[in-house]
Amino acid sequence: MIVYRSIPRVQLISAVLWPSFLLAGIATSVFFVFLDPVRLFDYEGEAPLSRMAAYSLGFFLFWLLCVASSAATAYFMRPTGSAVSSDDGSA
Amino acid sequence: MSKAEVPSGVSVRFADDVERSLYAKREKVYPREVHGVFAALRVTAVAVLLGLFYGLCWLRWDGEQVLLFDLPQRKFHVFGWTLFPQDFPYLTFMLIIAALSLFLFTALAGRLFCGYACPQTVWTEVFLWIERKLEGDRQKQIKLDKSSWSRRKVFVKGAKHATWIVFSLWTGFTFVGYFTPITELGARLVVFDLGPWETFWGFFYGFATYGNAGWMREQVCIYMCPYARFQSAMFDQDTLVISYDKARGEPRGSRKKTLDHRTAGLGDCIDCTICVQVCPTGIDIREGLQYQCIACAACVDACDQVMERMNYPKGLIRYTTENAVAGAPIRVFRLRVIFYGLILFGLAVALGVSVGLRTPLALDVIRDRNALYRETSQGLVENVYTLKIINMDDASHRFRLSARGIDGVELLMEDATIEVGAGDVRSFPARLRADPHKLQKPSNQVVFALMTTDNPSLKIETEGRFLGPVPAR
Ligand code: SF4
Ligand code: SF4
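Residue numbers (the numbering used here), protein chains in the order written: chain A, 1 to 91; chain B, 92 to 564.
Hint data in this document are derived by calculation from the structure and do not stem from the laboratory.
Positions of the beta carbon are idealized from the N, C-alpha and C atoms, including for glycine.
Do not rely on the hints blindly, as some may be mistaken.
To be verified - Covered stretches of chain A, as calculated for chain B (at least 3 residues, CB under 8 angstroms):
| id | region |
| --- | --- |
| 1 | 8-21 |
| 2 | 61-73 |
Said to hold, decoys possible - To list a few chain B residues with every Cβ distance to chain A over 10 angstroms, as calculated:
| id | residue |
| --- | --- |
| 3 | 155 |
| 4 | 220 |
| 5 | 252 |
| 6 | 271 |
| 7 | 282 |
| 8 | 287 |
| 9 | 289 |
| 10 | 291 |
| 11 | 292 |
| 12 | 307 |
| 13 | 314 |
| 14 | 327 |
| 15 | 411 |
| 16 | 491 |
| 17 | 542 |
| 18 | 544 |
Throw the hints in and build the complete structure from the sequences for me.
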């Protein structure tokens with residue numbers, strides 16, 4: 001299996017999860033400043049989601065998107081044609 | 092594939108070695124307890140900051156929690172101020188000012204924030220304290236970790252984690268208490284009636300505290316903290332850093348206290364490695380400034396004690412600047428500092444002015460989405476709206492509304508004047524009525540004007556659309 005050998009695993013996991021967490025936080029704040037989730041539903045009478053639930057779900061949606069982007073970046077950052085073969089037994 | 096079959100064997104082996112060293116399992120850091128001036132300062136900072144965090148949410152001001160980011164109500168209460176989503180620019184402004192202050196501060200005093208005020212440091216300090224109380228000092232901790240599992244080990248480790256977890260859960264609860272009123276939250280907590288998301292975020296924050304302060308520790312600083320990575324960009328030769336005085340300390344070596352080490356050709360460092368043992372990030376400051384160093388000054392305190400015991404002057408490791416170590420004069424006001432200072436000042440003034448000019452009033456116009464328009468029996472066209480009045484002032488006001496933009500347009504509401512309390516948001520149904528012959532287009536701009544009857548200077552206008560039939564030509 002090809003693994004990211006150039007940086008420690010904690011660093012890799014942090015590098016994917018953590019910046020996306022921060023960015024998701026910012027995106028969620030900006031998004032919900034301009035959009036009141038309750039108003040999204042108000043013409044249907046009773047809102048199906050409380051504001052807390054909408055904020056939280058919104059946050060996780062943003063996080064998921066950012067994680068996907070970060071993970072893709074990390075994936076493409078792997079050196080191509082490196083001398084390190086994937087099965088030399090040291091992994 | 093065996094090593095021998097790899098064509099460029101040398102480079103492969105080299106890569107392997109590098110990887111192995113980089114992949115070496117993280118060595119657990121057991122910071123030794125320190126006492127001294129800076130340790131006392133840090134304990135004070137920790138006490139004050141945690142006191143604020145756990146205490147502030149319980150304080151009330153005019154019947155409101157002093158600091159409450161009331162997300163469910165979309166209102167922030169900040170020391171008697173009420174902020175609404177409309178005030179978001181101010182919040183952004185304040186965050187930019189906070190960031191710039193950190194830049195200025197870093198240019199002057201280095202990573203003072205890291206060592207004394209960063210939540211990571213502050214909570215880790217508490218977790219270390221709990222660990223020390225239950226497991227004993229550094230030596231005992233190392234021994235305990237090395238020993239095989241015994242009843243005592245299970246008990247001690249269990250007690251430690253249980254204490255950590257209880258503390259973390261309390262932290263998580265407090266955290267949520269900044270987003271929903273905490274007294275109400277507490278009342279619901281004791282009867283196990285928390286909302287699903289409150290419960291979730293409480294556990295989430297609690298878990299983050301437990302993980303970061305209990306397990307991750309210095310790795311957070313090294314791998315996760317963006318500030319740690321870019322702080323060096325704010326540094327120059329005059330920034331306050333923790334530094335080991337190489338010229339004085341080297342050549343290092345152990346010696347008898349009675350020895351005149353100068354004549355014996357030794358420097359002041361007795362190579363006791365206490366400075367390394369106390370370091371929470373596990374580095375050796377004698378190798379020079381490293382980005383892992385959070386400038387906690389634990390090594391300063393530790394080395395000073397060693398120097399005292401040896402009857403050497405203190406300050407072999409000390410707060411200093413690169414220039415000072417090199418013997419150059421100390422400069423506080425450099426171009427960089429003046430530059431950061433000026434921008435900061437400009438932003439603060441701009442914020443002050445815009446807050447001063449803020450109209451504590453907002454009017455949202457929401458057109459009824461179910462119908463385009465309606466014709467009355469008199470042949471007039473009518474549109475239905477919901478008007479949302481947000482009174483951000485700290486006094487209750489009476490308002491009067493009017494509309495213009497179309498010849499003869501008439502605003503119909505249940506009451507001529509309406510009252511909205513301080514910091515309240517209220518919605519009112521309203522109808523606009525106009526003569527279709529006066530409409531130029533199917534969609535027309537109208538202006539809603541909100542006036543305060545008791546304060547003529549407090550007024551605001553909001554645009555809306557008025558829909559009608561396609562005008563006959
Ligand atoms: S604590 Fe001071 S004397 Fe001891 S090893 Fe460190 S620098 Fe040298
Ligand atoms: S080197 Fe000294 S100041 Fe830096 S983190 Fe370690 S103990 Fe703290």
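Going down the list of hints, with the structure as the test:
1. Only residues whose C-beta sits within less than 8 angstroms of a C-beta in chain B count toward coverage, and the region 8-21 of chain A has 8 of them, enough to reach three; the restraint holds.
2. For a cut-off of 8 angstroms, the count of residues in the region 61-73 of chain A with a CB near a CB of chain B stands at 0, and the three-residue condition is violated.
3. For residue 155(B), the non-interface assignment is confirmed: its Cβ lies about 19 angstroms from the closest Cβ of chain A, beyond the 10 angstroms cut-off.
4. No Cβ of chain A comes within 10 angstroms of the Cβ of residue 220(B); the nearest lies about 25 angstroms off, and the non-interface call holds.
5. Every CB of chain A lies more than 10 angstroms from the CB of residue 252(B), the least distance being 20 angstroms, so the non-interface label holds.
6. Residue placement check: residue 271(B) does not keep its beta carbon more than 10 angstroms from all beta carbons of chain A (closest about 8 angstroms).
7. Consistency note on residue 282(B): stated as away from chain A, and its beta-carbon is indeed over 10 angstroms from all of that chain's, at 19 angstroms minimum.
8. For residue 287(B), the non-interface assignment is contradicted: its Cβ lies about 8 angstroms from the closest Cβ of chain A, within the 10 angstroms cut-off.
9. For residue 289(B), the non-interface assignment is contradicted: its Cβ lies about 7 angstroms from the closest Cβ of chain A, within the 10 angstroms cut-off.
10. The non-interface label for residue 291(B) is inconsistent with chain A: the shortest C-beta to C-beta separation is roughly 7 angstroms, within 10 angstroms.
11. For residue 292(B), the non-interface assignment is contradicted: its Cβ lies about 7 angstroms from the closest Cβ of chain A, within the 10 angstroms cut-off.
12. Distance to chain A contradicts residue 307(B) as a non-interface residue, since its nearest Cβ pair spans about 8 angstroms, not more than 10 angstroms.
13. A beta-carbon of chain A is positioned within 10 angstroms of the beta-carbon of residue 314(B); the least distance is around 4 angstroms.
14. The non-interface label for residue 327(B) is consistent with chain A: the shortest C-beta to C-beta separation is roughly 27 angstroms, beyond 10 angstroms.
15. With a minimum CB-CB distance of about 31 angstroms to chain A, residue 411(B) clears the 10 angstroms threshold, and the non-interface call stands.
16. The claim that residue 491(B) is not at the interface with chain A holds, since no C-beta of that chain comes within 10 angstroms of its own (minimum 25 angstroms).
17. The non-interface label for residue 542(B) is consistent with chain A: the shortest C-beta to C-beta separation is roughly 25 angstroms, beyond 10 angstroms.
18. With a cut of 10 angstroms on Cβ distances, residue 544(B) stays outside the contact zone with chain A, its closest approach being about 28 angstroms.
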